[in-house]
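> Now for the letters of each chain:
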Amino acid sequence: MQLDEIKIGGLGASRRRVEDNRFIRGKGNYVDDIVLPGMLHMEILRSPLAHARIKSIDTTKAWAIPGVRLVMTGETMASRNLAWMPTLSYDTQAVLATDKVRFQGQEVACVIADDPYIAKDACEAIVVEYEPLPVIVNPQQALAPGAPLIRDDKENQLDNVVFDWAVGDKDGTDRAFAAADVVSKLELHYPRSHPSPLESCGSIADFDRATSKLTVYMTTQAPHIIRAAVALVAELPEHMIRIISPDLGGGFGNKVPVYPGYVASILASILLERPVKWIEDKTGNLISTGFARDIYLHGEMALRKDGKILGVRMHTDSDHGAFFSDAQPSKFKIGLMHSTFACYDIPAAHLTARGVYTNKAPGGVAYRCSFRVTEAMFFQERMVQAAADDLGIDQAEFRRINFVRDDDFPHRTAFGFLTDSGQYGKCLDVGLEAIGYQDFLRQKAEAAKQGRLLGIGISTMTEPLGAGNSREYDILGIKMFDSAELRVHMTGKAILRTGAKSQGQGHETTWAQIVAHELGIPADDVTVEEGDTDTAPFGMGTYASRSTPVAGAAVAMVSRKIRAKARKLAAHLLEVSEEDIEWELGRFYVRSSPDRGVTIQECAMAAYSNVPDGLEPGLENNAYYDPPNLTWPFACYIATVEVDPGTGVWDVLNMVAVDDCGVRINPMIVEGQIMGGLTEAYAMASMQFITFDAEGNCVGSNFMDYLLPTAWETPGFELHEVVTPCPHHPIGAKGIGECATVGGPAAFVNAVMDAIKGIGVRNIDMPLLPDRVYEALTERHDVSGAPPVKMDDR
Amino acid sequence: MSSLFAEVPPEPASDVPVRRVTINVNGEARTAVIEPRLLLAHLLRQGFGLTGTHTGCDTTNCGVCTVLFDGTPIKSCTMLAVQADGHNILTVEGLAGASELHPVQEAFKDEHGLQCGFCTPGMMLTAKAFLETNPDPTEDEVRWALSGNLCRCTGYQNIVKSVLAAAEKLRGQAGN
Ligand code: FES
Ligand code: FES
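Protein chains in written order, with the working numbering: chain A, 1 to 794; chain B, 795 to 970.
Hints were generated in silico from the structure; no laboratory data involved.
Be a bit skeptical, because a hint or two may be false.
Each computed DSSO-like pair below joins lysine-lysine, with the alpha-carbon atoms no more than 27 Å apart [claimed, not checked]:
#1 170(A) <-> 27(A)
#2 955(B) <-> 568(A)
#3 27(A) <-> 903(B)
#4 7(A) <-> 565(A)
#5 955(B) <-> 7(A)
#6 963(B) <-> 27(A)
#7 7(A) <-> 903(B)
Sample of chain A residues facing chain B (criterion: CB under 8 Å; computed from the structure) [stated by the list, open to error]:
#8 16
#9 30
#10 33
#11 37
#12 282
#13 667
#14 668
#15 704
#16 716
These figures come from a predicted structure and were not determined experimentally.
Ideal Cβ placement from N, Cα and C applies to all residues, glycine included.
Chain A extracted, bound-state conformation (with noise of 0.2 Å):
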């Protein structure tokens, strides 16, 4: 009888998670539960202004303090050549400021003590005497002629330009606007954030003079990459570099680059020879940590009066404050950012993207989305809604005239991406019925006659996860594939060890399954294991939601290439030809008669008991899986509103999301991931940035200034599916963490306008506070939520 798959928790499974069992318990293993012998504390000085020279540090009333191991500033670290350091995007970042300070809260001196409080004590009693210079907190003053130059540590780095890139078909985009009937525009910023996961940044470094090994805690999405990173720039040899990532307390893109902290208590830890633990306190977190967005976007679109796509011309100026050590792949500057208008079938576009230096902390970390995706989509559907209200045609009929149809994929994209599945159309009508379009619409009128207003807003896009092939994709060099390792034990019980590494998706739960699916080994009986380099295969790590569409194909396929030796091994035990075998789940049978069969279970068995001649024993394989495509999965995130013409505070009525993501491995998991995701899209929309003032003090460093919505503030959502499954993707997944964190603000943001609409307001920047709603309501015109300073206002 064959197996059951949802029984033994394969494929399609709602599978309740492993790694709960730990978590429930508070028996969780997150990096500052880790005690190790010996172990002592390091603590960060960082500065309190944005641009400052350095003129002297006196470190020797912190020496005096009993309990102090260690002082160590700018340096200690250029004494061993480790003042500066590479970053993911062939910059360099200051590890411990030598010369100038650039940024506020960037890190200048450090102290290793025998407890935290010391340590703190410690770094106050720090005496640093600086020389302010001028700062400059945006591009446009970062552009202007006579800017002071932020990156003078660098040769032939002469204006603050980090690049200038394009992308596109200028020519053909040109003529595409010479042929509009109508040409529509949009200007907006995509205001700083921060994903700031619950747990902040930290290491252990623990270095062994006796074995040369130096081993590593660390909060890290990516332990290859960082191990990659710590042979580099500390000059050890690889193989004598063990990092451990440990449980992540979140990390939504925030654990992706090497942070000055890792290195200095490595530094110390070396210096030392004992182990040293460095745990970053929230404002540190904040201030000095990957943020994301903060980039000015500009757009105009080619239409035709009957509501045709022409054409689309966008120009980006991002900040990426004082060091550009953001992970994007390596051709492409500004991330996946031209994969916008991906879902539409647009003839010609082009778009131009600078970045520039400014005095905050480094930035354009992707925050839970696939390198600069959020941006993309979110100045996308704001710019379809611009444009189907100045055609005076329905916004979703607007989508539906431009959508990619079912029937022309594979389709490439006017940017040169390849989408290959969809269901757009249907997507869209699911929402719409869902959230009662046409009702709605009534509603709205019949209450715009009591003076109340009410709104729609709509999202549709598909966005590029799972970067990616190796083609396209590399960081500092190394392709972007990813590796899965299964051994399987004599009683058909496993191990599966993969590259990427879980920051609470769910990794432990969902690989087993796909093994449970590949193999029919109940995925109860498969342990997974992830971030420890000495243990797992090389991998890129977990970020720009490419785990299942990388890591989980090799889980994939490693269970095939375990399942083609079982096969072998189950000829012998059959005394049949191997090309005499059937598979079902879980079992290989005789063709002819397939009451004869043998379990996976007894093949594992046979693997080490039981071998033919010339087959080598054991039952254990590895995979590296280079995908052929990006995965392209699709959403329809609907909001609807009610705003208070009296305040400006609006409310959400209902929201509808439409996830096609293919194939879910784990419904349950995937429906968690999408919640999350649609809370942290309604966070940016109504509450969450980051500021800074004209000195450069960053106004939101701490969970007072910086507001993260909680249970009470945060609306129901009703979820949806359609499923296309990926046409390349081995069991048909396609991304989905970050889906709705891209898509959804539009969505918010769309729903307010639609509100509003009529009284000739075309933008109002995020986060829609009330006040800046309750501006545009009033004195009827685009709210910018950062105004371009001028040199000479400051």
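Dock chain B with the ligands against the given chain A, drawing on the hints supplied.
Here is chain B with the ligands on its own, set in the frame of chain A:
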């Protein structure tokens, strides 16, 4: 605790005042000699090795450090350990019985009320105390009760479901 072996720190800095406290943690009296400035969260984590209580902010906003203080949820990052002298503290490690999970723990697993797990101990303790005062809450009441605890992963919907499911289970138990 065994007294077979105890390392004495080399030279205690004489000008640092210390105090001796005894706190009942998860039903067991624990005694420690501490600096008065030590936060309760740090005593629980580093002193007593109960690392299920987390710390996630510097401003009493996130709630991942929540423990029950004589049955009431408090943020242990904002209480000095000396203030807990003579009181009862319940941490996540004390939530389950010897062989059984607490219904709140079961519900969080069943309803997928956690992802990274960092907020979970605090959420569960807040929920436990809340359900003792309000055994049959509405969804809105649950949301309000949890509004001192942040979660970055789940979007709260499944946490709310978990708490409602736990409430039902607890009511069932009380009815028996
Ligand atoms: S650690 Fe955030 S409230 Fe206690
Ligand atoms: S589960 Fe990650 S913060 Fe709540």
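> For this structure, which hints from the list above don't hold up?
Structure breaks hints 1, 2, 11, 13.
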